[in-house]
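K.L.:
Place chain B on chain A using the hints.
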Amino acid sequence: MFASYLLSGWIVASLVAFAAGFTGFFVVLRRESFAAHALPMAAFPGAAAAALCGVAQWPGLLVAALLGVALLFWLKRGQRRDAATALALVALLGLGALFLSLSGRYANAVYGLLFGQIFASSPADIPPALALAVLVPMALLMFFRPLLLGALSPDFTAGGAKGDVLFLIILALTASFALPVTGALLVFSLMTGPPGAACTLAASPRTGLMLSVVLAVALIWSALALSAATGWPAGFFTGVLAALLFLAARMWRRARQAPQLPGPA
Amino acid sequence: MSLAVSGLTVRLGGRDVLREVSFSLAPGAFCGLIGGNGSGKTTLLRTILGFQRQAAGRVERPQTAGYVPQKLQIAADMPVRARDLVELGFSSPRFFFPLPSAKRRQRVDEILAATGALGFANQRVGELSGGQFARVLIAHALAGDPRLLLLDEPLANLDLRAAAEIVALLRKLAARGVTILVSAHDMNPLLGAMDHVVYLANGRAASGPVAEVVRTEVLSALYGYHIDVIRVHGRVIVVAGERGVQAHGPEHVVAIP
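Sequences listed follow chains A and B, in order. The numbering of the first sequence is the numbering used here, which starts it at 1 and goes up by one. The numbering of the second sequence is the numbering used here, which starts it at 1001 and goes up by one.
Looking at chain A on its own, in the form it has when it is part of the complex (with noise of 0.2 Å):
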């Protein structure tokens, strides 16, 4: 299907897909959509560091995205909570934009890490991918009782804040693992698109979470080949894709549950 000089890109983007799918289920659960988009956002000044430094990405990625946790961390006790966080996260996607036009990379660069490159991706990409995708699924796996009962309550697990702080470290890692795959924007689509349609379709936590991961597969499957066959960007099908996926699963159990409404008596 694909030429071997696509062979690692379709290998790294299946991994970061696969951990997405995880990290998503609990994206959705917890209603953390809103960090979903503002972890990568917050990493991307970091990769723009490491480029400004000729450095690799990925260490750049994990520091500013782990910095991006505690920022948001912080907000969160305070009062104006959204305001605070929309103009740190614009302060630092200004800040990502400095250090891309020093390191006079800029254009192609930005392009890269806002939409993704898949493409570019080189078989050293694949170690760090293959350790993500072992360690988010084991981590979430592991606390998947407390995390699944800190999303239905903060009441079940003592209203304690270390759930969160732990699941958005799990989240930081996923988000800059994937962002120079997917690029920043849309990363985001990957882990709400599949897991918000698998919400909707599954009936247990147990098929929701697996019907996550099949999905957020299955769509970078799709949107790779439909991106290799059309020339069009691979982020553009997986944004659309993600987006065409969640609506087609709303309107089938929509569809489903239609009969089921007492009728007029």
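Keep in mind that the hints were calculated from the coordinates and are not lab data. Certain hints may be false.
In the DSSO-like style, the derived pairs of lysine-lysine whose C-alpha atoms are separated by at most 27 Å in a straight line are [as the list claims (entries may be wrong)]: (1) A:162 - A:76; (2) A:76 - B:1071; (3) B:1103 - B:1172; (4) A:162 - B:1103; (5) B:1071 - B:1172.
Among the chain B residues that face chain A by a calculated CB cut under 7 Å, a handful are [claimed, not checked]: (6) 1069; (7) 1081; (8) 1088.
Even glycine gets a Cβ: it sits at the ideal position worked out from N, Cα and C.
P.N.:
Just chain B, lined up with the frame of chain A:
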């Protein structure tokens, strides 16, 4: 003793929400925790559970305690059925969410049957009625096999019939030896079921058998204001007296025309 609270003081934001609260409950007791909004009912329950730290005093309770939080809302788009919520209540294993097994399923079915929730076991919790949801929350709390069950306003927002059914269910559990501590702002649905009452006002508590606590002198002393306790047809009405009126004996209770 199943639950013993002594000299409990809890401070929140520089204010004593609870001041030297003491009471104890025998195994299988059915105790109402009565008080108005902001009287510290939730704080007391959370302190007993260990979710909230006390400034002073002791709590002795069984290792396993079940908790039904108040005002819980679960969205209908959560892929969590009634039986899943009950299964999440199993205290072991603490982590992971093991693959379904016949044994776990059977245990879930038993708990659902005992709480009258088997009929809607496969519905999403977000789609249940208030009374059904209350049963499932109790089933979730029972999954850990607790000797003490704490419920925070489980009857709020329930219609009269659903409330009576939940009270009957709690009574059945108490008869099996589970100590019940249930908070409510209105004690009437619990009258006839509860054998013990903890009445909270001004951060302080009066506790004991219902007939000893729910009296004009006791509640007036607790509120520091004249309170009339009126009993009509087996119901209790607690009303604030007129300004300046001193607390008198029960013979001064005002009759309703």
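K.L.:
Next item in the hint list is residue 1088 of chain B. Is there a CB on chain A closer than 7 Å to its CB?
P.N.:
Constraint on residue 1088 of chain B satisfied, holds at 6 Å.
K.L.:
Decide if the proposed pair is consistent with the structure: residue 1103 of chain B and residue 1172 of chain B, CA atoms, cutoff 27 Å inclusive.
P.N.:
holds, 25 Å
K.L.:
Under 7 Å is the threshold here; is the Cβ of residue 1069 of chain B close enough to any Cβ of chain A for the hint to stand?
P.N.:
holds, 3 Å
K.L.:
So, as I understand it, the hint says residue 1081 of chain B touches chain A; can you test that by seeing if any CB pair is closer than 7 Å?
P.N.:
Residue 1081 of chain B check passes; min Cβ-Cβ to chain A is 6 Å, inside 7 Å.
K.L.:
For the pair supplied as a hint, residue 162 of chain A and residue 76 of chain A, is the alpha-carbon distance within the 27 Å limit?
P.N.:
holds, 14 Å
K.L.:
Can you confirm whether the C-alpha distance between residue 1071 of chain B and residue 1172 of chain B stays at or below 27 Å?
P.N.:
holds, 24 Å
K.L.:
Mind checking the alpha carbons of residue 76 of chain A and residue 1071 of chain B for me, to see if they're no more than 27 Å apart?
P.N.:
Satisfied, since the Cα-Cα distance of roughly 22 Å is no more than 27 Å.
K.L.:
Within 27 Å, alpha carbon to alpha carbon, are residue 162 of chain A and residue 1103 of chain B?
P.N.:
violated, 31 Å
The structure is inconsistent with hint 4 alone, although it conforms to all the rest.
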